[in-house]
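One-letter residues, chain by chain:
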Amino acid sequence: MIRTARAILRKDLAIELRTKESVPAMTLFTVTVFVLFHFGLDRDSLDGELASGVLWVTLLLAAVIGVTRLFATEREQGGIDGLLLAPVDRTALWLAKATAMFVYLTALELVAVPTFGVLLLGPDLFAALPVLVPILLAANIGLSAIGALVSALAAETRARELIVPLLLLPLVVPLLIAAASATEPLLRGDQAAEDLGRWLGLLSLYDVVFVLIAVAVFDFLLDD
Amino acid sequence: MELDGLERRYGDRVALSGVVAQIEQGATLVVLGANGAGKTTLLRVLATLLRPHGGVARVLGGELPREAWKVRGRVGFLGHDPLLYRELTGRENLRYHAELHGVARERVDERLAAVGLERRADEPVRDLSKGMVQRLAVARATLHDPELLLLDEPRANLDPAAAEHLEPLIGRASGRTRVLVTHDVEGGLAEADLALGLRGGKQAFCRPARELTIAEARGLYS
Numbered sequence: 001m002i003r004t005a006r007a008i009l010r011k012d013l014a015i016e017l018r019t020k021e022s023v024p025a026m027t028l029f030t031v032t033v034f035v036l037f038h039f040g041l042d043r044d045s046l047d048g049e050l051a052s053g054v055l056w057v058t059l060l061l062a063a064v065i066g067v068t069r070l071f072a073t074e075r076e077q078g079g080i081d082g083l084l085l086a087p088v089d090r091t092a093l094w095l096a097k098a099t100a101m102f103v104y105l106t107a108l109e110l111v112a113v114p115t116f117g118v119l120l121l122g123p124d125l126f127a128a129l130p131v132l133v134p135i136l137l138a139a140n141i142g143l144s145a146i147g148a149l150v151s152a153l154a155a156e157t158r159a160r161e162l163i164v165p166l167l168l169l170p171l172v173v174p175l176l177i178a179a180a181s182a183t184e185p186l187l188r189g190d191q192a193a194e195d196l197g198r199w200l201g202l203l204s205l206y207d208v209v210f211v212l213i214a215v216a217v218f219d220f221l222l223d224d
Numbered sequence: 001m002e003l004d005g006l007e008r009r010y011g012d013r014v015a016l017s018g019v020v021a022q023i024e025q026g027a028t029l030v031v032l033g034a035n036g037a038g039k040t041t042l043l044r045v046l047a048t049l050l051r052p053h054g055g056v057a058r059v060l061g062g063e064l065p066r067e068a069w070k071v072r073g074r075v076g077f078l079g080h081d082p083l084l085y086r087e088l089t090g091r092e093n094l095r096y097h098a099e100l101h102g103v104a105r106e107r108v109d110e111r112l113a114a115v116g117l118e119r120r121a122d123e124p125v126r127d128l129s130k131g132m133v134q135r136l137a138v139a140r141a142t143l144h145d146p147e148l149l150l151l152d153e154p155r156a157n158l159d160p161a162a163a164e165h166l167e168p169l170i171g172r173a174s175g176r177t178r179v180l181v182t183h184d185v186e187g188g189l190a191e192a193d194l195a196l197g198l199r200g201g202k203q204a205f206c207r208p209a210r211e212l213t214i215a216e217a218r219g220l221y222s
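Chains A and B are the protein sequences, given in the same order. Using our numbering, the first residue of the first sequence is number 1, and each one after it goes up by one. Using our numbering, the first residue of the second sequence is number 1, and each one after it goes up by one.
Just so you know, the hints here were simulated from the structure itself, not pulled from any lab data. There may be inaccurate statements among the hints.
In the SDA-like style, the derived pairs of lysine to any residue whose C-alpha atoms are separated by at most 25 angstroms in a straight line are [to be verified]:
(1) B:K70 x A:V111
(2) B:K70 x A:G78
(3) B:K70 x A:V217
(4) A:K20 x B:D81
(5) B:K70 x A:D81
(6) B:K70 x A:L17
(7) A:K20 x B:D127
(8) B:K130 x A:A216
(9) B:K130 x A:V217
In silico negatives: residues of chain A with every beta carbon more than 12 angstroms from chain B [claimed, not checked]:
(10) A25
(11) G40
(12) S45
(13) E49
(14) Q77
(15) T115
(16) G122
(17) P123
(18) A155
(19) R188
(20) R198
(21) G201
Reference excerpt, derived from the structure (chain B facing chain A, CB under 7 angstroms, subset only) [what the hints assert, rightly or not]:
(22) L49
(23) R72
(24) G73
(25) D81
(26) L83
(27) Y85
(28) E87
(29) Y96
(30) E99
(31) V103
(32) Q203
(33) C206
Ideal Cβ positions, reconstructed from N, Cα and C, are used throughout, including at glycine.
Assemble the whole structure, with the sequences as input and the hints as a guide.
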């Protein structure tokens, strides 16, 4: 399965590098939303709950763009048929797509988080990074796992641009709550919040549950 | 391959019904019928891409859909869609499919040479002509040396020289069992052992190709 997933992932990343359809769109959206918040909130800087909420809601909405595009090449160019004809474990497709989504989100955050720090954040972003990075990575795993599942589900529907946010956003509410709550003390300058372990634990639990669900049901999603 | 009362529906619409056929190893079945007769649906059922909804479909020793895993990887499917990524080069596409099928990389160069595309192999598929894409699709469908070939208008977009060039891969000379969908009635009957006629999803006939007259076969289209 790993060999197949690696082949699909390599193919997906090569196509993304050539078409530049997902990561640039996600990044542009995120930066634009931060600029809009910068002017719309009419405040010099944000911190605490508001900063955390703005960061995470923007990242989640940017993820919707990536999730919507995740199966686009397969749908438009017959990639799923090519895979179904091969004697491979179909879960490899989910693994590859979830890993691609993880890479896209991480690439997005490499630009989005510093931009957020410059445009909106009051407290020092650099001091928050050692704890913020694990929170971002844990949230990315959950988002990628559920995103790949939702994208596969919506791939064969005509209204996928509507279906993806309708399915994805309610499912990621626990992830949003945990990630925003874990981030909130960091963005008011408190690097040693006592609840951090609890929220990181919840994020990890979410990741494990959705990875297991995806592995269990993905094969059936591809069935005729 | 054995089909007995094969059925397939899309919602309430019956796409295939009561199809009965038996094909020996190495033989060719030509499937004839007007547009919408169920030819492509039949190929997709045999390729395990669609589940049959009734009857028996036994392919390469596997009963569909229960034993589809026995069939996957042993079938070469050449449909309307070339199943190639436009942004990747021909070589990259074939290497990707080689990895999915566990085929050695050397086979990719071998197939590219067999379809006459060695010199254009490193160009993105989107830059190739339709004929070249079809040749590449033939290379993709035969990359893993399938026992059964499912061919939907395999010579579409090919000039006569290219069509002849591909004969060792997809023609009778390949020695493989073949199911061939075509609108070229004369050509199809000439290279087939068995002819299956479909009309509105139902079987009109299934007879040895040599016993069928061109006029009878053309009757499917009237």
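For each hint, the structure was consulted:
1. For a cut-off of 25 angstroms, the pair hint linking K70 (chain B) to V111 (chain A) is broken: about 47 angstroms separates their Cα positions.
2. Among the hinted pairs, K70 (chain B) with G78 (chain A) is consistent with the structure: their alpha-carbon atoms are about 22 angstroms apart, no more than 25 angstroms.
3. This hinted pair checks out: K70 (chain B) and V217 (chain A) have alpha carbons roughly 21 angstroms apart, not beyond 25 angstroms.
4. At most 25 angstroms may separate the alpha-carbon atoms for a hinted pair to count; K20 (chain A) and D81 (chain B) meet this at roughly 24 angstroms.
5. For the hint linking K70 (chain B) to D81 (chain A), the alpha-carbon distance of about 17 angstroms falls within 25 angstroms, and the restraint holds.
6. A C-alpha spacing of about 36 angstroms is found between K70 (chain B) and L17 (chain A), which places the hinted pair above 25 angstroms, so the restraint is violated.
7. Taking the CA atoms of K20 (chain A) and D127 (chain B), the gap is about 18 angstroms. The hint holds against a cut of 25 angstroms.
8. This hinted pair does not check out: K130 (chain B) and A216 (chain A) have alpha carbons roughly 40 angstroms apart, beyond 25 angstroms.
9. Among the hinted pairs, K130 (chain B) with V217 (chain A) is inconsistent with the structure: their alpha-carbon atoms are about 38 angstroms apart, more than 25 angstroms.
10. No Cβ of chain B comes within 12 angstroms of the Cβ of A25 (chain A); the nearest lies about 16 angstroms off, and the non-interface call holds.
11. G40 (chain A), annotated as away from the interface, keeps every beta carbon of chain B farther than 12 angstroms; the closest lies near 37 angstroms.
12. No Cβ of chain B approaches the Cβ of S45 (chain A) within 12 angstroms, the least distance being about 42 angstroms, so the stated non-interface status holds.
13. For E49 (chain A), the condition that its CB be more than 12 angstroms from all CB atoms of chain B holds, with the nearest at approximately 43 angstroms.
14. In this structure Q77 (chain A) is not separated from chain B by more than 12 angstroms, as the shortest Cβ-Cβ distance comes to only about 5 angstroms.
15. At roughly 29 angstroms from the closest C-beta of chain B, the C-beta of T115 (chain A) stays outside 12 angstroms, upholding its exclusion from the interface.
16. The claim that G122 (chain A) is not at the interface with chain B holds, since no C-beta of that chain comes within 12 angstroms of its own (minimum 43 angstroms).
17. The claim that P123 (chain A) is not at the interface with chain B holds, since no C-beta of that chain comes within 12 angstroms of its own (minimum 43 angstroms).
18. Against the 12 angstroms criterion, A155 (chain A) stays outside the reach of chain B, whose nearest CB is about 15 angstroms from its own CB.
19. Distance check for R188 (chain A) against chain B: the nearest CB is about 45 angstroms away, which clears 12 angstroms, and the non-interface claim stands.
20. For R198 (chain A), the non-interface assignment is confirmed: its Cβ lies about 43 angstroms from the closest Cβ of chain B, beyond the 12 angstroms cut-off.
21. Non-interface call for G201 (chain A) relative to chain B: holds, since the shortest CB-CB distance, roughly 38 angstroms, exceeds 12 angstroms.
22. Because the closest C-beta pair between L49 (chain B) and chain A is about 6 angstroms apart, less than 7 angstroms, the hint holds.
23. A least Cβ separation of about 5 angstroms between R72 (chain B) and chain A falls short of the 7 angstroms threshold, and the interface hint therefore holds.
24. Given the 7 angstroms rule on beta carbons, the hint for G73 (chain B) holds: about 3 angstroms separates it from the nearest Cβ of chain A.
25. Satisfaction of the interface hint for D81 (chain B) is found here, the shortest Cβ-Cβ separation to chain A being roughly 4 angstroms, below the 7 angstroms cut-off.
26. Using the Cβ-Cβ criterion of 7 angstroms, the hint placing L83 (chain B) at the interface with chain A is satisfied: the shortest such distance is roughly 4 angstroms.
27. The interface hint given for Y85 (chain B) is met, as the beta carbon of that residue sits about 5 angstroms from the closest beta carbon of chain A, less than 7 angstroms.
28. With a cut of 7 angstroms, the hint placing E87 (chain B) at the interface with chain A holds, because the nearest CB-to-CB distance is about 5 angstroms.
29. Using the Cβ-Cβ criterion of 7 angstroms, the hint placing Y96 (chain B) at the interface with chain A is satisfied: the shortest such distance is roughly 5 angstroms.
30. Against a cut-off of 7 angstroms between C-beta atoms, the interface hint on E99 (chain B) holds, since the closest Cβ of chain A lies about 4 angstroms away.
31. About 10 angstroms separates the beta-carbon of V103 (chain B) from the nearest beta-carbon of chain A, more than 7 angstroms, and the hint is not met.
32. With 7 angstroms as the threshold, the beta carbon of Q203 (chain B) stays out of range of chain A, its nearest partner Cβ sitting at about 22 angstroms, so the hint is violated.
33. Below 7 angstroms, beta-carbon pairs count as interface contacts, and C206 (chain B) has none with chain A, the closest being about 25 angstroms; its hint is therefore violated.
Checked against the numbered hints above, the structure violates hints 1, 6, 8, 9, 14, 31, 32 and 33; every other hint is satisfied.
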